[in-house]
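Number of protein chains: 2
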Amino acid sequence: MSVMLNRQIVLTRRPVGVPQPEHFELQCHPLPALGEGEMLIENHYLSVDPAQRGYVNDENNYAPPLPLGAVMRAMAVGRVLASRHADYAVGDYWYGWFGWQDYCIATPAALLRRVDPQQAPLSTGAGLLGINGLTAYLALHDIGRPQPGETVLVSAAAGAVGSIVGQLARQAGARPVAIVGSAEKGRRCVEDYGYEAWLDYHQPIEAALRDTCPRGIDVFFDNTGGDISDAVLRQMALFGRIIQCGTLATASWLPAPQGPRAEREILTRRLRIEGFVIFDHQRRFDATAARLAALLAAGQLRYAEDISEDLAQAPQALVDVYAGRNRGKRLIRLR
Amino acid sequence: MSVMLNRQIVLTRRPVGVPQPEHFELQCHPLPALGEGEMLIENHYLSVDPAQRGYVNDENNYAPPLPLGAVMRAMAVGRVLASRHADYAVGDYWYGWFGWQDYCIATPAALLRRVDPQQAPLSTGAGLLGINGLTAYLALHDIGRPQPGETVLVSAAAGAVGSIVGQLARQAGARPVAIVGSAEKGRRCVEDYGYEAWLDYHQPIEAALRDTCPRGIDVFFDNTGGDISDAVLRQMALFGRIIQCGTLATASWLPAPQGPRAEREILTRRLRIEGFVIFDHQRRFDATAARLAALLAAGQLRYAEDISEDLAQAPQALVDVYAGRNRGKRLIRLR
Numbered sequence: 001m002s003v004m005l006n007r008q009i010v011l012t013r014r015p016v017g018v019p020q021p022e023h024f025e026l027q028c029h030p031l032p033a034l035g036e037g038e039m040l041i042e043n044h045y046l047s048v049d050p051a052q053r054g055y056v057n058d059e060n061n062y063a064p065p066l067p068l069g070a071v072m073r074a075m076a077v078g079r080v081l082a083s084r085h086a087d088y089a090v091g092d093y094w095y096g097w098f099g100w101q102d103y104c105i106a107t108p109a110a111l112l113r114r115v116d117p118q119q120a121p122l123s124t125g126a127g128l129l130g131i132n133g134l135t136a137y138l139a140l141h142d143i144g145r146p147q148p149g150e151t152v153l154v155s156a157a158a159g160a161v162g163s164i165v166g167q168l169a170r171q172a173g174a175r176p177v178a179i180v181g182s183a184e185k186g187r188r189c190v191e192d193y194g195y196e197a198w199l200d201y202h203q204p205i206e207a208a209l210r211d212t213c214p215r216g217i218d219v220f221f222d223n224t225g226g227d228i229s230d231a232v233l234r235q236m237a238l239f240g241r242i243i244q245c246g247t248l249a250t251a252s253w254l255p256a257p258q259g260p261r262a263e264r265e266i267l268t269r270r271l272r273i274e275g276f277v278i279f280d281h282q283r284r285f286d287a288t289a290a291r292l293a294a295l296l297a298a299g300q301l302r303y304a305e306d307i308s309e310d311l312a313q314a315p316q317a318l319v320d321v322y323a324g325r326n327r328g329k330r331l332i333r334l335r
Numbered sequence: 001m002s003v004m005l006n007r008q009i010v011l012t013r014r015p016v017g018v019p020q021p022e023h024f025e026l027q028c029h030p031l032p033a034l035g036e037g038e039m040l041i042e043n044h045y046l047s048v049d050p051a052q053r054g055y056v057n058d059e060n061n062y063a064p065p066l067p068l069g070a071v072m073r074a075m076a077v078g079r080v081l082a083s084r085h086a087d088y089a090v091g092d093y094w095y096g097w098f099g100w101q102d103y104c105i106a107t108p109a110a111l112l113r114r115v116d117p118q119q120a121p122l123s124t125g126a127g128l129l130g131i132n133g134l135t136a137y138l139a140l141h142d143i144g145r146p147q148p149g150e151t152v153l154v155s156a157a158a159g160a161v162g163s164i165v166g167q168l169a170r171q172a173g174a175r176p177v178a179i180v181g182s183a184e185k186g187r188r189c190v191e192d193y194g195y196e197a198w199l200d201y202h203q204p205i206e207a208a209l210r211d212t213c214p215r216g217i218d219v220f221f222d223n224t225g226g227d228i229s230d231a232v233l234r235q236m237a238l239f240g241r242i243i244q245c246g247t248l249a250t251a252s253w254l255p256a257p258q259g260p261r262a263e264r265e266i267l268t269r270r271l272r273i274e275g276f277v278i279f280d281h282q283r284r285f286d287a288t289a290a291r292l293a294a295l296l297a298a299g300q301l302r303y304a305e306d307i308s309e310d311l312a313q314a315p316q317a318l319v320d321v322y323a324g325r326n327r328g329k330r331l332i333r334l335r
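Chains as they are written, first to last, in the numbering used here: chain X, 1 to 335; chain A, 1 to 335.
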């Protein structure tokens with residue numbers, strides 16, 4: 001068997017804050033032979049996710065930081081090219097921790113969910129039916145529990161998670177309101193993603209919140225934190241629920257930036273704030289993805305993908321996501 | 001019927017932060033005649049509670065601020081001296097919103113719970129079986145849900161709520177740890193209130209937390225907020241629960257003081273933070289008080305009361321509670 005070459009995006013410098021292209025190198029290495037119990041995965045769609053910032057920063061997170069010299073940790077959808085594990089068949093598609101590279105030698109621990117290309121377009125395995133849609137569905141329903149008529153406010157509402165949250169909240173009979181960074185995104189939220197209203201966080205947000213959420217905010221699906229959250233907290237309704245799903249607004253947590261203390265608002269409004277990490281819920285991925293796929297097949301769910309094809313551009317794509325320059329789920333298609 | 005005189009502590013100036021004696025006046029007024037549907041209550045024990053700060057400050061709270069010229073809003077245990085309401089019998093004891101005064105003319109809305117002097121000493125109606133014990137029990141079990149072996153950290157642990165939380169957490173099989181303001185309080189927590197360890201927040205708290213809570217903190221029963229909470233947040237265990245029960249550490253919320261942002265800790269540690277206000281749970285008061293009284297009768301619960309007898313000293317007593325100078329539940333006995 002001839003030696004296969006594998007292009008990889010390798011972390012070569014430790015970033016503080018959002019990783020930049022200069023923290024990575026595109027390298028090319030021969031693939032080692034497959035060991036017992038391993039699979040060779042051919043990557044089709046690489047995922048670009050805000051959470052990747054946390055994978056490379058040496059700061060408090062839910063996973064240890066990626067070591068220098070390692071392939072960038074990333075989710076992807078790929079196909080099993082070869083298998084030395086009886087439980088995993090050649091030809092199957094999987095969603096898993098395959099990294100920003102052409103090929104991945106994976107053990108079962110890296111495989112999150114088998115992707116059925118008949119269920120939905122293959123790319124959705126890394127977005128709508130991947131961590132983004134799964135997060136939207138599970139965090140909204142587990143923590144947010146929107147009731148009919150309630151106001152559900154979503155930050156980064158036009159993003160890969162927020163665009164799904166709006167539609168699901170609307171289906172639950174709630175009134176979704178979008179926080180976005182531009183009028184163009186706001187319009188997309190209302191036209192495509194089920195939102196009833198939107199506001200631009202570059203404008204004075206307190207007044208805009210009072211206008212769009214006159215009875216207060218029952219559920220805040222928070223993908224940003226920061227100044228936006230501060231303002232929202234003060235307009236939460238009694239017994240409101242806050243889903244802490246992301247912290248896009250804060251570039252670095254070393255040290256933690258200052259903000260107004262929240263204890264008094266939490267107490268007097270009886271708020272519940274809860275952190276959500278999708279990987280805690282892996283056993284529910286299949287059932288939840290099936291529900292999302294059924295909504296998609298019934299024409300009740302829209303999604304947007306922002307796909308490019310150059311592996312070398314993956315680091316820049318992550319910078320763009322942090323800058324809000326993506327239009328929907330950011331993916332790199334390799335084949 | 002001769003005119004009865006009523007001594008009252010009246011709010012005469014609007015405080016910012018903790019109210020001081022100069023914000024009040026002791027006044028004496030004749031009692032008006034009892035209207036249809038009203039009861040005349042003779043106060044026996046007046047309650048002194050940190051929450052009273054919030055009643056008089058003109059800042060965000062769960063009740064509108066007390067108007068100037070009004071009797072200080074306060075809980076008390078009193079006896080029905082006269083009744084013009086068929087459902088309320090003369091001679092019965094009640095716990096309710098009777099204010100810092102000798103007598104209160106009350107409607108049913110002011111009455112929270114009938115107190116049975118056979119169930120437990122009358123004074124406990126305003127403390128252990130009043131909002132303090134009820135808060136300890138319901139907030140700990142509803143939000144904290146301590147599991148056997150878990151670490152339950154409590155701020156203001158020697159106070160009227162904290163002293164009960166320690167004992168209840170111990171009974172649930174958890175490991176209660178006290179945060180207090182002095183070694184003397186710490187010793188009391190361990191000797192009397194079921195705590196396994198204590199730390200003084202005047203000492204460097206991060207290191208003390210690591211020593212006393214080496215596996216992290218599963219439940220934080222937070223009566224203080226402020227710097228203490230900031231340090232605790234960073235040593236919470238995964239899936240930890242924080243009960244936001246009080247904000248003793250912050251004297252004024254206008255404007256909200258700054259502190260390190262919590263979003264990243266909440267997210268990465270999957271914390272749940274929830275505000276607790278006891279008055280949301282009024283329908284469970286009787287059943288919960290009965291459980292606490294049964295524990296008391298069985299010798300499984302200790303409580304401390306710090307009782308004085310001078311109505312005029314009530315404002316100073318509140319200052320003392322904020323300064324941590326009370327030893328147990330602060331009460332004013334009037335008869």
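By construction, these hints were calculated from the structure, which means they are not laboratory data. Please read all numbers here as calculations on a predicted model, not as lab measurements. Be aware that a few hints might be false.
Said to hold, decoys possible - Calculated from the model, a selection of chain X residues having no Cβ within reach of chain A, i.e. all distances over 12 Å:
1) G54
2) G69
3) L122
4) I243
Unchecked claim - Here are the computed distance ranges between Cβ atoms for each label pair:
5) X:Q203 to A:D211: 27 to 35 Å
6) A:R291 to X:D192: 48 to 56 Å
7) X:P64 to A:Q313: 56 to 64 Å
8) X:R215 to A:A86: 34 to 42 Å
9) A:A290 to X:S182: 20 to 28 Å
We treat Cβ as the ideally placed atom computed from N, Cα and C, and that holds for glycine.
Do the hints match the structure? See the list:
The beta carbon of G54 of chain X is not kept farther than 12 Å from every beta carbon of chain A, the shortest such distance being approximately 8 Å. The Cβ of G69 of chain X sits about 24 Å from the closest Cβ of chain A, beyond the 12 Å cut-off, so the non-interface label holds. With a minimum CB-CB distance of about 30 Å to chain A, L122 of chain X clears the 12 Å threshold, and the non-interface call stands. In this structure I243 of chain X is not separated from chain A by more than 12 Å, as the shortest Cβ-Cβ distance comes to only about 10 Å.
In this structure, Q203 of chain X and D211 of chain A break the distance hint of 27 to 35 Å, their C-beta atoms being roughly 49 Å apart. Checking the proposed 48 to 56 Å range against R291 of chain A and D192 of chain X shows it holds: the Cβ atoms sit about 53 Å from each other. As the Cβ distance of P64 of chain X to Q313 of chain A is approximately 57 Å, the hint placing it in 56 to 64 Å holds. Our hint of 34 to 42 Å for R215 of chain X and A86 of chain A holds, since their Cβ atoms are close to 39 Å apart.
Distance hint for A290 of chain A and S182 of chain X: a CB-CB separation of about 59 Å, inconsistent with the stated range 20 to 28 Å.
When the structure is compared with the earlier hints, violations turn up for hints 1, 4, 5 and 9 and for no others.
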